[in-house]
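Enquirer: Chains A and B are the protein sequences, given in the same order.
Each step along the first sequence adds one to the number in this note's numbering, with nothing skipped, and position 348 is 348.
Each step along the second sequence adds one to the number in this note's numbering, with nothing skipped, and position 298 is 742.
The hints are simulated quantities; they were obtained by calculation from the structure and are not laboratory data.
Ideal Cβ positions, reconstructed from N, Cα and C, are used throughout, including at glycine.
Be a bit skeptical, because a hint or two may be false.
[Claimed, not checked] Reference excerpt, derived from the structure (chain B facing chain A, CB under 8 Å, subset only):
| hint | residue |
| --- | --- |
| 1 | L447 |
| 2 | R457 |
| 3 | T483 |
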Amino acid sequence: MIKKILIANRGEIAVRIIRACRELGIETVAVYSETDAEALHTQLADSAICIGPASATESYLNMERIISATIISGADAIHPGFGFLSENSKFAKLCYDCNITFIGPSYEVIENLGNKSNAKTTMKNAGVPVIEGSKDPIIDIEEGRKIAGEIGYPVIIKAVLGGGGKGMRIANSAAEFNGAFSNAKKESKMAFSDDRMYIEKYIENPRHIEFQILADKYGNVVHLGERECSIQRNHQKLLEEAPSSAISSSLRNKMGEVAVNGAKAAKYENAGTIEFLLDEDGSFYFMEMNTRIQVEHPVTEEVTGIDLIKEQIRIAEGDKMNLKQEDIVITGHAIECRINAEDPEENFRPSPGEIKEYHMPGGNGIRIDSAIYQGIKISPYYDSMIAKIIVHGKDRKEAIRKMDSALGELVINGIKTNTHFQHEIVNHKNFKDGNFTIKFIDEM
Amino acid sequence: MNLKNLFKKTNTRKITGKENTKPEVPSGLFVKCDKCGSTISKEELGNNLLVCPKCNYHMPISAKERIKIVTDNNSFAEWEFEIKTKNILNSKGYDEKLEKIREKIDLYEAVISGVAKIDDRKVAIAVMDSRFMMASMGYYVGEHITKTIEKATAERLPVIIFAASGGARMQEGIVSLMQMAKTSAALKRHHEKGLLYLTVLTHPTTGGVTASFASLGDIILAEPGALIGFAGQRVIESTIKQKLPEGFQSAEFQLKNGFVDRIVERKELKTEIGKILGLHVRTKANKIYSKIHKDKAATKKIKEKNTPWEIVNLARDKNRPVATEYINKIFDDFMEFHGDRNFGDDSAIVGGIAKFKGKPVTVIAQAKGTDIITNVDRNFGMPSPHGYRKSLRLMKQAEKFGRPIICFVDTPGAYCGITAEEGGQGEAIARNIFEMSGLSVPILTIIIGEAGSGGALAMAVSDEVWMMENSIYAILSPEGYASILWKDGSRASEAAEEMKLTAKDLMELGIIDDIILEPTNYKREKIKVVTKVMEKKILRFLMDYESYGEDDIRKHRYERFSNM
């Protein structure tokens, strides 16, 4: 049994985890950087340890300091949240070596699934459809051209170590290939000091659909339905919902079953997410598996009634999962809007500063996951997401109305936010009609 | 709003099931950096080649690891010689100590050597291992290094030594001291065969090793922050009764004082050594011309009608390209080498090896800055004595490896000041002129701006001297000339008319051999127009002189000046 959990994260997800622990009666330890001394997660935890200056590499990404804080505080488990060290297999291994329970899958699983080509092979072998693409990393441009020709245009070129859209280019024809390939390579070299690339078939008008998985130590795996995450700007999700209006219950069962098989093949344990691209004709392809809790996990919690963080902790404690697939019922419709401290009028430039006035919406079916309060200073050092507004209605129409109302009630003054931009999304005809792909924002 | 102590605690959980075993950090999982004190995971440190990711401290590394890092995969073949450590003084406990270490680190002595490939080029390599009695040099180490050098000399291989040592091994007394002579003598023979010797000084390199083979490389590299010195810091402090300054005897200190060519990060070492080896490959040009060149018609091609005084001002214009800009445009893979091995590193002179159309050449330039900050750093292109001595060192090095020398001259004059006189400015210039006249490799000098007096000539005792259209070359500045002859520096423009300092005049006087025309209103943005022409002319020069024997080159240069 876990006695005390150290939360190796900050912001709303740290608060979310602390709240789950409070419900379970588990003692919590927050870690914080010098700039986060006044942060909600620092104050809400039972105890808090400063682990360094504001720069993340010196604090939230500093494995040695986090391990030291764990030992000193007497915590026996670490919840990594998302971002920072959550998908770092080295960190998970360090926890393992130090006899600290890492709330997430084993370091071997993280490492295997973190490597795109290994992940793809694992999934393919488990019967999960994958996108046609290069088997081995490519460096040579001529070899890349040859492979792209075999796959058939359009193709997408991706960095082996890529993420967040960096080192990614699309080539619609052989003529565009050389430019796209060398640009992607250059960008990857800059961002990840690595210029190995993959080439795959590019699906032109897909939706981004992901399945939530829960798996325990004993090989019990269930899926909790899908999340629709097509509303993205520069590959960053902005608004997510569950269920997806593009998925029938038979497709859900089919995709869910595939996802469960994939997770089983990967020997997955704990909460995880399998991301798919869903083509217009209903065919779907594995993209990647995220080996952590997702930002958008609340929409799944709302429609299933399952607290994913608490499940994560129970699984990490070695409890047998009592959930059976048939127990999982999707009820109503949930939407989440990410509120970011950024200025849509200035090309979404981060907008740090002090929150002077503050009011959060509330009422039936409205949930706020956030760590901000009046007077807090939003630091320029970290991710700009400051709040998630989650609504749950009996159907999609009601959920959209609730979101529209909630966004209209939200007041965050002193800094710029994307609230108005979110408002435009939920009021957009194509969004309301459920008629969109991952190109929605670009075509707005 | 202050949240402190606002929230109620809810940690009420009773542990009913099995309690987790207490977390603890197993020993050896983390390592502490000796320099900055941060904890680093051992694995991460290993991936970072034992360089602290926080403070860049280059930790000592075993010889075997070192070989793995710097040589091509599986290319190393160890050389084993029949040598045994000797306890000549019957030093008490010495044999036992040796046995203990041997058992502990599985290494017979403090050096490993062999043949390996770096970037597919064969080299002899010797690496010291400081885990073995601080890699101090006694009979075994000295003999092993000597045998390595001798074998490399016989096989005509370059030698690379990675030095790391506490100095001579006290337990072996005077015999240790003799190893300094033995290794150095072997290097002298290797040197006389015209073979490349490269040393890499790592933390720490001190005492008798610094005072022998470690300091004798044709090129000396050092790892950042490495302690490099002769006497130990404690000894110095107690002798002079002074506290030593921060950074004393560091690699950076040695670079500044002229004893290290380059400081190289561990992760860059292999690439850097590979480049150096590549710059020491002898190549032949494919075409041979045999006529000595003199473009007598060059003066007629000058279209601009600038007065000498206007040319003086153009030559000094701050928007005119400086030597480093020409180097970057004309040459590939320029690798700068620092220091005169004597006193310091003069930033008014930039020198090193580069490739010109694939052929290694030594490039030495008087370097002005491009703005006030870089100009202060480069002393406005006025070299100090140690600048000329660095230049001479690089010329001698070029001669050893048969590389042509290309000099860029751009100086108002040699630095005029107290330190310059203390350093022997006159002697430094004289020595350069003296030695240059006898070098056996072709020398080309291009005057790109100002060429003031002896300070310019010290880099222009060459086979050919070319001038840019709007450059000047004179016995001293027009201001100086006017003030000496007429006691009136303000009559400089008048002096310029009289002095015959323009390219046209000097061509007619037979002092120079070619003129490089400039576009109108020549500024650094237009450098390409000029470098294109320069490249063609340099190629012609190299091809011409390729065909000359060493004696012909010396004879030609001697006659060139004896006729003036």
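Enquirer: For each hint, tell me whether it holds in the structure or not.
Expert: Tested hints:
Annotation: L447 (chain B) was flagged as interfacial toward chain A, and the flag holds, the nearest CB pair being 4 Å apart, inside 8 Å. The closest approach between the C-beta of R457 (chain B) and any C-beta of chain A is roughly 3 Å, which is under the 8 Å cut-off, so the hint is satisfied. Given the 8 Å rule on beta carbons, the hint for T483 (chain B) holds: about 4 Å separates it from the nearest Cβ of chain A.
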